Amino acid sequence: MNKDIDTVISTRVRFARNLKDYPFTSRLDPTSCKEIIEKTEGVLKGFEKIDFTDMDPVTATSYAERHVVSSEFSNSKLPRALLEKGDTRVMVCEEDHIRLQVIKQGFVLDEAYAEACSTDDKLLSELRIAYDEHLGFLTHCPTNLGNGMRASVMMFLPGLAMTGELKAIISQLPKLGLTIRGMYGEGSRSGGFIYQISNAESLGSSEENILCKLKDTVTQIIIRERLARDRIKSSGETAYDPLSRAYGILKYAYSVTSEEFIDLYARVRLGVYLGIIEGVSYEALDELFCSVMPCTLSMGEQLSPAERDIKRAQIIKTVLG
Amino acid sequence: MLCSKCHKNEATVYFKQNINGNIREYALCAECAAQFELGFSPLNIFGVHSAPAVPREQKRCTLCASTLEEIKRDGKVGCAECYSVFKSELEPMIGRIHGSQTHKGRVPKGYAEVKRTENELDSLKKELKRAIDAEEYELAAELRDRIREKEAGNE
Numbered sequence: 000m001n002k003d004i005d006t007v008i009s010t011r012v013r014f015a016r017n018l019k020d021y022p023f024t025s026r027l028d029p030t031s032c033k034e035i036i037e038k039t040e041g042v043l044k045g046f047e048k049i050d051f052t053d054m055d056p057v058t059a060t061s062y063a064e065r066h067v068v069s070s071e072f073s074n075s076k077l078p079r080a081l082l083e084k085g086d087t088r089v090m091v092c093e094e095d096h097i098r099l100q101v102i103k104q105g106f107v108l109d110e111a112y113a114e115a116c117s118t119d120d121k122l123l124s125e126l127r128i129a130y131d132e133h134l135g136f137l138t139h140c141p142t143n144l145g146n147g148m149r150a151s152v153m154m155f156l157p158g159l160a161m162t163g164e165l166k167a168i169i170s171q172l173p174k175l176g177l178t179i180r181g182m183y184g185e186g187s188r189s190g191g192f193i194y195q196i197s198n199a200e201s202l203g204s205s206e207e208n209i210l211c212k213l214k215d216t217v218t219q220i221i222i223r224e225r226l227a228r229d230r231i232k233s234s235g236e237t238a239y240d241p242l243s244r245a246y247g248i249l250k251y252a253y254s255v256t257s258e259e260f261i262d263l264y265a266r267v268r269l270g271v272y273l274g275i276i277e278g279v280s281y282e283a284l285d286e287l288f289c290s291v292m293p294c295t296l297s298m299g300e301q302l303s304p305a306e307r308d309i310k311r312a313q314i315i316k317t318v319l320g
Numbered sequence: 000m001l002c003s004k005c006h007k008n009e010a011t012v013y014f015k016q017n018i019n020g021n022i023r024e025y026a027l028c029a030e031c032a033a034q035f036e037l038g039f040s041p042l043n044i045f046g047v048h049s050a051p052a053v054p055r056e057q058k059r060c061t062l063c064a065s066t067l068e069e070i071k072r073d074g075k076v077g078c079a080e081c082y083s084v085f086k087s088e089l090e091p092m093i094g095r096i097h098g099s100q101t102h103k104g105r106v107p108k109g110y111a112e113v114k115r116t117e118n119e120l121d122s123l124k125k126e127l128k129r130a131i132d133a134e135e136y137e138l139a140a141e142l143r144d145r146i147r148e149k150e151a152g153n154e
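Sequences listed follow chains A and B, in order.
If you read the first sequence in numbering that gives the first Met the number 0, its first letter stands for residue 0, the second for the next number, and so on.
If you read the second sequence in numbering that gives the first Met the number 0, its first letter stands for residue 0, the second for the next number, and so on.
Looking at chain A on its own, in the form it has when it is part of the complex:
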């Protein structure tokens, strides 16, 4: 089982890098975009290239739904490509020329950071990267200046949300230079009790300091989340009923909307932790989550929303048995 998977769905470390000799992405012409893609591809040998330039919007959005690329990248009109190798993915011509990210299941900040660094080392040694000794890595948006790193931990916090303790935690995060967002990053809502906690600052703190602070905070939140869940458990069997019912609906429903699925998924995930629901792993639930999102479901076929909801229910049934 992945580390702390009951409370942490995944860990992500990303670096923003730009080539010195080109304007930032929004000011690039298509020829320059292609040149940057070629240069990056030339450095990252062994990476598989997925060209997003003429990709149909449904397929492009399905990558964003699975957190493989950002929504900005999937919606962009410019030539762009994804370079992929294992858990390391490099978006070329995103907001910055290069957005390198490593996403791993569970709470594994050090491993994700080490993997990101090994690819970053290749980029930094072989490409002319925009850098200033005072401002650090120069980025399109000044908020990413400095180390250009965003380390984020996607947490599942039903206990703290249901007991109302989350508000107090959220109010403390800015003091620590951290921020909390919904599951699809900036501006997204937090469905399914899923929250992303990440560093807010990147200039003036080293990567190690940021990781250390994030690791300590997330560890504290994990402890408090488990205590909150214990309180829910001790509140008696009335708390169990909605969780078991959610499992029943997921297994037997004929049609499930994505909003309903997110709500039921969260209850079942909590039910697995409390030991009410057996025979389902967190990993299987999280994989199911990504595979039943609207565009991922519709890939390769034209489906109406009603047809999509029926197909979603069928997939859920297959996975949950």
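It is worth saying that the hints were derived from the structure and are not from the lab.
None of these values were measured; they are calculated from a predicted model.
For glycine and all other residues, C-beta sits at the position ideal for the given N, C-alpha and C.
A couple of the hints might just be wrong.
Lysine to any residue pairs mimicking SDA-like chemistry, simulated, CA-CA at most 25 Å apart [unchecked claim]:
no. : chain 1 : residue 1 : chain 2 : residue 2
1   : A       : 76        : A       : 243
2   : B       : 103       : A       : 176
3   : B       : 149       : A       : 132
4   : A       : 19        : B       : 133
5   : B       : 75        : A       : 179
6   : A       : 121       : B       : 114
7   : A       : 121       : B       : 117
8   : B       : 149       : A       : 125
9   : B       : 75        : A       : 34
10  : B       : 103       : A       : 125
11  : B       : 108       : A       : 207
12  : A       : 19        : B       : 2
13  : A       : 19        : B       : 128
14  : B       : 75        : A       : 200
15  : A       : 174       : B       : 101
16  : B       : 108       : A       : 110
17  : A       : 174       : B       : 98
Pulled a few chain A residues facing chain B out of the computed Cβ check, cut under 10 Å [stated by the list, open to error]:
no. : residue
18  : 19
19  : 23
20  : 116
21  : 127
22  : 146
23  : 203
24  : 207
25  : 208
26  : 211
27  : 215
Knowing the structure of chain A, use the given hints to seat chain B on it.
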């Protein structure tokens, strides 16, 4: 800054109108400025036509041609060079966002060597200028060769 009349184009013409102490300031794009009726103008009474409004020259980035107005409007910088061109204007904004202006952390491989070479080149060039001014031509020739050598190695 956007044109205060059409709110679409970049304002390039700025002027102040003072009618009986009632002061109004305008920032207009070239198109709106051409159509703008100034109304009462004391200059016209004496048969003198108002001087045509002169577009204010804006500083532009040497690499991507961005102006500071565009950077402020988008909240995004045009290219890496903009950070040098608009250094003094961007510094307060960066300070507000980060509370710090000193990078700590990863450095591109070889950056320290390139920086050291750049510093050495700077002092060699200063030395060369001094040698030429002092008419020490033998030393100047030697310095010139060393500069060429370092510049070739830095490429």
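Quick rundown of the hints versus the structure:
1. A:76 - A:243: Violated, at about 45 Å.
2. B:103 - A:176: Given pair residue 103 of chain B, residue 176 of chain A holds - Cα atoms ~15 Å apart, limit 25 Å.
3. B:149 - A:132: 21 Å, holds
4. A:19 - B:133: 39 Å, violated
5. B:75 - A:179: 22 Å, holds
6. A:121 - B:114: 20 Å, holds
7. A:121 - B:117: Distance of about 23 Å is within 25 Å: holds.
8. B:149 - A:125: 20 Å, holds
9. B:75 - A:34: 22 Å, holds
10. B:103 - A:125: Since the Cα atoms of residue 103 of chain B and residue 125 of chain A sit roughly 22 Å apart, the hinted pair holds (cutoff 25 Å).
11. B:108 - A:207: 18 Å, holds
12. A:19 - B:2: 33 Å, violated
13. A:19 - B:128: 30 Å, violated
14. B:75 - A:200: 17 Å, holds
15. A:174 - B:101: Holds. Residue 174 of chain A to residue 101 of chain B sits at ~20 Å (cutoff 25 Å).
16. B:108 - A:110: Within the cut-off at roughly 22 Å; holds.
17. A:174 - B:98: Satisfied, since the Cα-Cα distance of roughly 13 Å is no more than 25 Å.
18. 19: 6 Å, holds
19. 23: Cβ of residue 23 of chain A sits 5 Å from chain B, so the hint holds.
20. 116: Holds - the Cβ of residue 116 of chain A comes within 10 Å of chain B, reaching about 8 Å at its closest.
21. 127: 9 Å, holds
22. 146: At 4 Å from the nearest chain B Cβ, residue 146 of chain A passes the 10 Å test, so the hint holds.
23. 203: Holds - the Cβ of residue 203 of chain A comes within 10 Å of chain B, reaching about 3 Å at its closest.
24. 207: This interface hint holds because 8 Å falls under the 10 Å limit.
25. 208: 8 Å, holds
26. 211: 13 Å, violated
27. 215: Violated - the Cβ of residue 215 of chain A stays beyond 10 Å from chain B, reaching only about 19 Å at its closest.
The structure fails to meet hints 1, 4, 12, 13, 26, 27 from the earlier list, while all remaining hints are met.
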